[in-house]
Amino acid sequence: MTALWLAIGFWLAAWGVNVWLSGSRFGRTGPGRALVPILFGVTVLVLWEGLVRGLGIAGVILPAPSVIAARIAGSLPTLWQDFVQTILKGAIPGFLIGSGAAFLTAIAIDRSPFLQRGLLPIGNFVAALPIVGLAPILVMWFGFDWQSKAAVVVVMVFFPMLVNIVAGLQACDRMQRDLMSTWGASYLQSLVKLRLPAAMPFIFNGLKIASTLALIGAIVAEFFGSPIYGMGFRISTEVGRLGLDMVWATIAVAALAGSVFYGLITLIERWVTFWHPSQRH
Amino acid sequence: MKRLITAAVLAATASAAQAEDVKLQLKWVTQAQFAGYYVAQDKGFYEEEGLNVTILPGGPDIAPTQVIAGGGADVIVEWMPAALAAREKGLPLVNIAQPFASSGMMLTCLKETGITSPADFPDKTLGVWFFGNEYPFLSWMSQLGLATDGSPGGVTVLKQGFNVDPLLQKQAACISTMTYNEYWQVIDAGLTPEDLVTFKYEDQGVATLEDGLYVLEDRLQDEAFQETMVKFVRASMKGWKYAEENPDEAAMIVLDNDQTGAQTETHQKRMMGEVAKLTAGSNGALDVAAAERTVASLLSEGSDPVITKAPEGAWTSMITDKALAE
Amino acid sequence: MNRVLPVLTVLAGIVVIWYAAAIWMNSTWVFDQANRAGTPVSWAEVIPQTMTQDRPLLPPPHQVGAELWKGLFGQAITSKRSLVYHGYVTFKGTMMGFGLGILAGVLLAMAIVRFRVMDMSVMPWAIISQTIPIVALAPMIITLSSQMGLSGRDLPKAVIAAYLSFFPVLVSMVKGLRAPDQMQLDLLKTYGASEMATFLKLRLPASMPYFFASLKVAVAASLVGTIVGELPTGAIEGLGARMLIGSQFGEPLIMWAALFAAAILAGLLILVVGFVERLARKRMGVPA
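Chains as they are written, first to last, in the working numbering: chain A, 33 to 313; chain B, 6 to 331; chain C, 13 to 300.
FYI, nobody ran anything at the bench for these hints, they're computed from the structure.
Incorrect hints may have been included.
[Said to hold, decoys possible] Just some of the chain A residues that point at chain C, by a computed CB distance under 10 angstroms: (1) G73; (2) A199; (3) Y219.
[Unchecked claim] Straight-line distance between alpha carbons at most 25 angstroms, and here's what the computed SDA-like set of lysine to any residue pairs gives: (4) B:K94 / A:P109; (5) B:K116 / A:L201; (6) B:K129 / A:H308; (7) A:K121 / A:P153; (8) B:K48 / C:R93; (9) B:K274 / C:K82; (10) B:K327 / B:K94; (11) B:K175 / A:H308; (12) C:K228 / A:L201; (13) B:K116 / C:Q45; (14) B:K129 / B:T118; (15) C:K228 / A:D177; (16) B:K205 / B:G278; (17) C:K228 / A:I139; (18) C:K82 / B:Q264; (19) B:K94 / B:R298; (20) B:K175 / B:L196; (21) C:K228 / A:H308; (22) B:K314 / A:D177.
Backbone N, C-alpha and C fix where the C-beta goes; we use that ideal spot for every residue, glycine too.
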């Protein structure tokens, strides 16, 4: 039980430090900005460790972070192989193809009001569908290797992206568009100089949502058939073997990969949409 | 761990005081594979023993071992390899009864791939279930001396999903099937038995014990729990024997209990017929020789054995001795 | 008419492509069977056979339609064979998850915009939370909730759904609450508006378009979460459970019908959310 109380004590202390940090001048510098979330994360881990040890929770239900860390250190080659299979071969190609195709489609239907009126309601509708349900079907079609995982990701990512891009392209107001036409801007000029930049916040919103969908899609698809490596395979297999430490190790890798992916998109967003009010601090 | 055990024991005493509630976690979704329990429930066999049994269907993400560890069930249906592996991981599971006398697992291959015997396996793709069901396969391959990492001369292993599509789509040369389920789906799909070559684990001498009843070791020390389990096993076996004698009725009972409404009469009746063949030789008591064979097969696996040492106390006859006494 | 015609054109195009794909994909099986039987078949014989298979690779629209019709209207809606019944089960889960998700998303967003420490410490982790594959957490959620004495299957399902649906709400609300530019904020400051008033009169109205845009995504995410949750939580009932059983027993028609039932449910949810959005916009005087 002492472990639990120690953890709670640590939590309160860390909370205090964070409140102070975020208000202080140091909190506005780069390292300070990074320190706050890290401290928060460490607190969660400490609380978790304290809970598991203090309450004597069995390792087959919830392993302690220290056990998970040991497992990560001990199975780096396996984790790397899973990472390559699921993220590099499944999620990323699927993400790029899916959002690329959505972008091209959005531009294509942008020029044709007829297609736009036809495709948009359907796109909106499909974007809301539980596409994961297609995973077993796509695995049946594209085989059990990474191709089917990428296919699931493409389908999952495509429609949310399409809807966001189309909404983004309509984001600039009438006045701005009229201004462009009074300057005699061509369709292409007005697209590149006004409408695409104006659409960027929406596009990045879509990209962020798509990045998390991509990961879920790639992992869920492995559920329905896969080679004997891959993060989804590892998770579902190890749950059955009660290797919960390995499950959490894989989850940690997935979280890390997802965060880096998301972080990259955010960095690019900052750089592209520096003018948007939401980017001001 | 210690606290959890205390909690479990406390929970056990608490539930024993009430109307003897028993929660049974199945290994998979509601189907005729578990007919005995549904029959015992439906025909009132549990009720006659004064038990209030809740049958919890499983699913692709439900490991019965984890459920029982978390206190979500009192007794689980599990395969012996998975139960022994869990035991090595520190979850003290004990087999208290073994309604399935023989194994229904086999490898079904397409004849057109040229496979006629296990000697033809090298460099082929074989479909296997994971989630604790891969152990018999891995130990067979290791006895054949075949690597399962996809290296030349070994076999490429594919984690098959919940159906037989990898075989139909020719993504795998062979897939794992159960005599009572997937094999017939292959046949239903339009392939004839002549198109197929099957290798039963039973015939290959690598059979392991399937659907047995497992409980946590600590709870067995509690006499009230013992008593409940004796009643439970007795009623369950009565259910199984009834199901064997009346397969069609049993299948319909299973169908009534299937809440998805997606199971079909044809599938369940056929499955019941096949399952009856596997349970026929068992009165519920575990055949210790078969259990030792299972252990030997799991231990013999080459580089990555399923279990590293022979388990002690992984099964007990104290429940079945009493249950079958009368 | 002006709005319906394009949609119908596109739909007709999809149906044509679908039929073509069905013929193409299902023909492999017909040819294979013919090969095994040793009798050659011509395309004229193949096409009808691709339309009526029991387990087609891609069922043609009329097969799916027939199965869907049977599921929706072929039996009493209380029957467990009825897709209406299973759709209702899934709908309940979706709504519980959606409600929880909105609540969590909005509250977190408010806290994040208001308190710098929340923004700095929680926001990165909220993002990371989404990168954790929910399928991996599902069995833990079920085990943990059963250990806490909650044996029902509804709550774990709702938690999984909420886990997916709170995020779009959070992201959009943070963006929306920060959407007012400095000029507007300065103006309110010159009016001497309190923080509460700024929030209610400026930030909240400004965030509404973002909020409603996110609702559509959130309700869809909640449905996905519910269906994913129905796969592993014992496959008892609901559309997700039917998809699993359809997949396991090699009944693609059951699977496709469940998928389309889920699509119809999604469509209804989106319509309702869209309707609420229009109402709210009108009420708040936001130009549509």
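- Straight-line alpha-carbon gap C:K228 to A:H308, limit 25 angstroms: This hinted pair holds, its Cα atoms lying about 24 angstroms apart.
- Message: Check whether the Cα positions of B:K129 and A:H308 lie no farther apart than 25 angstroms.
- Response: 57 angstroms, violated
- Message: Given the hinted pair B:K116 and A:L201, is their Cα-Cα distance within 25 angstroms?
- Response: Status violated; Cα separation ~57 angstroms.
- Task: Sort out whether C:Q45 lies within 25 angstroms of B:K116, counting only the CA atoms.
- Result: Distance of about 14 angstroms is within 25 angstroms: holds.
- Would you mind confirming whether the straight-line C-alpha gap from A:K121 to A:P153 stays at or under 25 angstroms? 32 angstroms, violated
- Message: Does B:K94 sit within 25 angstroms of B:K327, going by the straight-line distance between their CA atoms?
- Response: 30 angstroms, violated
- Pair hint outcome, C:K228 versus A:D177 [Cα-Cα no greater than 25 angstroms]: Distance of about 33 angstroms is beyond 25 angstroms: violated.
- Is it true that the CA of C:K228 sits at most 25 angstroms from the CA of A:L201? 19 angstroms, holds
- Given the hint that B:K48 pairs with C:R93, test it: the Cα-Cα distance must not exceed 25 angstroms. Satisfied, since the Cα-Cα distance of roughly 24 angstroms is no more than 25 angstroms.
- Would you mind confirming whether the straight-line C-alpha gap from B:K129 to B:T118 stays at or under 25 angstroms? Holds. B:K129 to B:T118 sits at ~9 angstroms (cutoff 25 angstroms).
- Item | Residue hint A:Y219, partner chain C, criterion CB-CB below 10 angstroms | At about 20 angstroms, which exceeds the 10 angstroms cut-off, the nearest Cβ of chain C leaves the hint on A:Y219 violated.
- Message: Can you confirm whether the C-alpha distance between C:K82 and B:Q264 stays at or below 25 angstroms?
- Response: 18 angstroms, holds
The structure shown violates the earlier hints numbered 3, 5, 6, 7, 10, 11, 15, 22.
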